[in-house]
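K.L.:
Residues in the sequence shown are numbered from 1 upward in steps of one, following our numbering.
Wrong hints could be hidden among the right ones.
To be verified - Taking lysine-lysine pairs in the DSS-like style, the calculated list, with each CA pair at most 30 Å apart, reads:
#1 Lys326 x Lys251
#2 Lys251 x Lys351
#3 Lys792 x Lys858
As the list claims (entries may be wrong) - If you anchor each label on the Cβ, the simulated ranges turn out as follows:
#4 Val1064 x Leu850: 52 to 60 Å
#5 His818 x Arg875: 40 to 48 Å
#6 Glu325 x Val573: 47 to 55 Å
#7 Glu325 x His818: 49 to 57 Å
#8 Trp846 x Ser679: 48 to 56 Å
#9 Asn732 x Thr700: 35 to 43 Å
#10 Glu580 x Gly269: 54 to 62 Å
#11 Lys859 x Glu1117: 49 to 57 Å
#12 Cys307 x Glu580: 51 to 59 Å
#13 Pro521 x Gln482: 31 to 39 Å
#14 Pro521 x Ala246: 36 to 44 Å
Hints listed in this document are in silico derivations from the structure and should not be mistaken for laboratory results.
Cβ coordinates follow ideal geometry from the N, Cα and C atoms, glycine included.
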Amino acid sequence: MTSTTSSGPVTRIVLSRFHPHVIAARKADRASAFLTLYAPRPELVFDRKTMNAMLRLSVRPFGAAGFCHTDNQVYEGVYQSKLHVTPSHKPVGTVVALGDRASKSWKIGQRVGMLNLRHAYNDCHGCSNYREGDLPNMRLCENKEMAGIQDGGAFVEYIVADADSSTLLLEGLSFEQAAPMMCAGATVWGGISKLGLSKDLPVAVIGTGGLGQLAIQFLKALRHPTVAIDNREEGQDLTRKVGPEALRADKVVDYNAKDAAEQVIKFGGDAGGVAGVVVCVCIPLGLPPDGFKFGAFDLVFKELAVCGSLVATKPLTDEMMNIVEKHSIRSHITTIDFKDVPKLPDMYMDKHLKGRLVLKMWAAESFYKAQASVYDATRVRLLRGREDMLGLVAAQLKHRAEAGLISQRPVWVDIGGGTGWNVEQMNSFISVPEIFRAVYIVDLSPSLCEMARKRFARLGWKNVKVICQDARAFRLHEHEAQAYERKEYKVKGHNVRDLDENADAGGAELVTMSYALSMIPEFYPVIDSIESLLSPNGVAGVVDFYVQNQIDFRGRNYIGGAIDRHCIWLSRVFWRTWFEIDRVNLEAARRDYLEYRFGTVLSINARNNFFCTGIKLPYYIWVGCPKDSGASTKKLAEIDAAATESPYLSALDLQTGATQTDIEIHSKAYESAIVNLQSSLPLPATWYQNHHWRIHYDSTLLKHARFNNSYIYAFTWEDDVADHRILKPSANDVILAIGSAGDNILSFCLANPRRVHAVDLNPSQNHLLELKVASLTALGYQDVWKLFGEGKHGDFKNILIQKLSPHLSSEAFQFWLHNGPSVFSSSSKGLYYSGGSGNALAMGGWLFRLLGMSSDVKKLCAAQTLNEQREIWQRSIKTVLHSKILTYCILGNEKWLWKALGVPPAQRAVIEADFIKTADFSETKTAKKNAGEEYMAFHEEPSDEALKSSSGNAIYEYVLNTFEPVINTTLLSTQNHYYLLTLLGHYTPSSHPTYLSPKSHVKLSKPNAFNGLRIHTDEISEVIARMRPSTLTIVVVMDSMDWFPPTGQQAVKQIRALNKALKVKGRVMLRSAGLEPWYLKVFGENGFSCKRVAVRVPGSCIDRVNMYASTWICTKEVGLEQEDIKTRTRQTSLAELELEAPAMHVDE
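Take these sequences, add in the hints, and give me the full structure.
P.N.:
Okay, here's the thing in structure tokens:
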């Protein structure tokens, strides 16, 4: 609706959109469709300047509104109201916005009742001649608006009220009781005020319905003897029960009684006989459809005065509210829910109706009011995860402040904050009074808000403000000066339009919701408002109940992982039904919309073991940030460049220059991000992490899922000292290496190369590497040592949440929150007994205990000299480890080798092949062979039958050649942490990996220590295929080439891809269980020269691990793009390979 003044058109009100279910009733061939169900997204225009004398009230779900005789007349068509008018002219609610002039006398958050008159125009006859002090008499304005009759009424989410016709509700009066006061109360009070009677004069009240009951109480409060007259038993009975006993009628008369008149006259007594004062005769208030009839003789000869009264003025209404508060005047009300709105006309016309009909906008307040004092105590076990959510968002805030992303004291808005429990608990993570500039607790329940106010008055925290308001209507810029300035700057030159244009423009660095989202019926606008509340570098945190089927989220790459997210059918049905009883909604749409509107930083799915009964209640914790954070094309390209060594680095890294072979190459992560952006979806969660170490991957792919969220290696079986001696990595190197348990990756980072690409197909192996990197970044040395030296930390969950979480990707965090507490528990065996390799350690420990050798193992690991170590070995332990029974039963078992030691069948075949060849080469002397024949005989693959028959012997010989030299040449207690770990299950301060030394911690804990690290979860071939050609300088493939079968093209494809990614003279370092593995020939055929830099010979160690038979360096001599266009003049022959001495030799 628009109206015109001298200043031009003024936009006033646009009613809420209608719900599809509109109630249309035919009354005398007139469609009166004014009753509507609640519309979740209203369009309400509110301009602060042009509507300067107006208030904007939030009616639903916080306030209340009534339905009375006038509303029913509108429904019947008596007033010829326009169709689709929204009913009710008696709203009560909370102020959520103010016009400029209204702001001088009203405040946001005040509880207000609205009379049904709005907007006097001042220049009409009624306004000019009948005034209330300085204000126009709005009741007589010829152009006034009448809510619910001529204009939109109160059955909406928001309504505009006139500041000059609104009254403040006192705290002791509920919204349900306040609603009738705005109509019935104001009507009878206005009429009583016109009587002008002195106290103690008797008054009769005819009709004891809703108006009559209030009239009786008002008259009694004013000390008038009162007689109540009604023709209905319900009305008479109500008169005897409603209100405080002192305010009930002195006499009740049945209008149908023959002596009714005599009873009333007798009641008048000396006050004037039967004339007395009868409210609805002298002051007719109701509106009977057939009008009023008076006897002419009585009216004239008794000089009766008949005076109509529409409604009390604002000053009279304020006076009335004081009387209501002082005398506890109450209506008899029948409350209904929104779902029963269509029944209102029939309910009103029911002759058995008692009192007033009130639409209860928020039924939960009665529930909370009864429990407010014990709410916190009764929710401790039910609402799990709140402390974890607070710890996570506190850690994010601290990290962003340290990184310079938040430069001022932050503002926190806790939506649905209730009693303020969350805010007080946050103080255990960060100081709330000192850190936060302001904290706003926004909640609908007056009872819970009052508890919150008492809490912070007790604590003395002046920066905490409790706002009793609908979260959808909360606007930070109406409370915070800086948020208001941001808002003004954003909307400068534009119209302000709520709920979109009046939204905030940021201002809060933290927004949280704790078990509130599931209780909000219309959750979409709340989530939308969080987005407008958050500052660009802000953090949002939510914890709540949920149930969901995996079908709902399958295929989404932006949810941050799905460990334990799926809920079984029984859980979904039971919990959804159970919580619906208390109007708690567990449908998946709430969490889904949250994840759609924001970028996911961390996501957790957990179960609350309900009071230790075994009944598990699903809940989730979600930490997010603005959806557009880091989503610019430039930012994506910058991050992608470091994953692919692309030409974009030329602007960032002066050591990388353009080449003639430059082509546009992007990672799979970049392509996924672009697809999401084009679909208006958030980026995959890894893009929102604070560090870009981890490259996005699709965890749902079978090649990743087949590992069943478990790593094989808890420690690395590669000698990093030998690696560095052979490779001599420098600051100019770009290294790609298999991640495994990550120890060697960290060793390479100590050399500070330009880039280190860690690659592993198993996601859990990379989760372990991430944990190590995060720990070195965020923890002191003692905590790092407990985690990875001792393998145990009694406070793991707390340090994971409070210190490590900002430095982990969502999937890694999920993994460690799910598995870490049991792995690192003080009562567990420790980290190194987990994973597949942990099974081998556990088996060895069990065997030693069974044979009573545990004390000898400890002595072996503590030996201070090689002689002492050899003596213990020879005396007891060797007999067990070199037992052929053990070898045949355990080490000869394929499943054991793969599950426990990570030895796949193809690598086992290499070991067995070498055994057969060596045996044939050394023992079969029947005929003299020339050099070529001997070479071919040695390299010819044995038959399957030969392999099967030699299985146990081959592994036995391999184990014998592995362990014996290690014990004889390296001291476990100080030089060989690899075998020390396998025997003890942990490291010692004198024997540990390089990265666990205090000196290494100093270097790796520096802020930029891992800037060059990128962790890829994929096959090596897939990663190097997306590398910029000729950029890598070192590739370490460990023993992975042994995993390829000799048949097929897998090895050829990987070797050719390595050639393409490496610079000329770039090197591939590999280890093999074979002395001269078959694939070296393939390297030679594809542009590499192969050189054996270490070989295991009987009695000596190839390195401290001594697990592999040989180590090779394959150097790129020529690119395949050149090799393919010229005729090969020669082929590298394996017979020409140069052999060298072992890479490491330890003197006694």
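K.L.:
Give a verdict on every hint.
P.N.:
Against the structure, the hints come out as follows:
| no. | hint | verdict |
| --- | --- | --- |
| 1 | Lys326 x Lys251 | 24 Å, holds |
| 2 | Lys251 x Lys351 | 23 Å, holds |
| 3 | Lys792 x Lys858 | 19 Å, holds |
| 4 | Val1064 x Leu850: 52 to 60 Å | 56 Å, holds |
| 5 | His818 x Arg875: 40 to 48 Å | 44 Å, holds |
| 6 | Glu325 x Val573: 47 to 55 Å | 48 Å, holds |
| 7 | Glu325 x His818: 49 to 57 Å | 56 Å, holds |
| 8 | Trp846 x Ser679: 48 to 56 Å | 53 Å, holds |
| 9 | Asn732 x Thr700: 35 to 43 Å | 38 Å, holds |
| 10 | Glu580 x Gly269: 54 to 62 Å | 60 Å, holds |
| 11 | Lys859 x Glu1117: 49 to 57 Å | 51 Å, holds |
| 12 | Cys307 x Glu580: 51 to 59 Å | 53 Å, holds |
| 13 | Pro521 x Gln482: 31 to 39 Å | 32 Å, holds |
| 14 | Pro521 x Ala246: 36 to 44 Å | 41 Å, holds |
Violation of the numbered hints given earlier is absent; every hint is satisfied by the structure.
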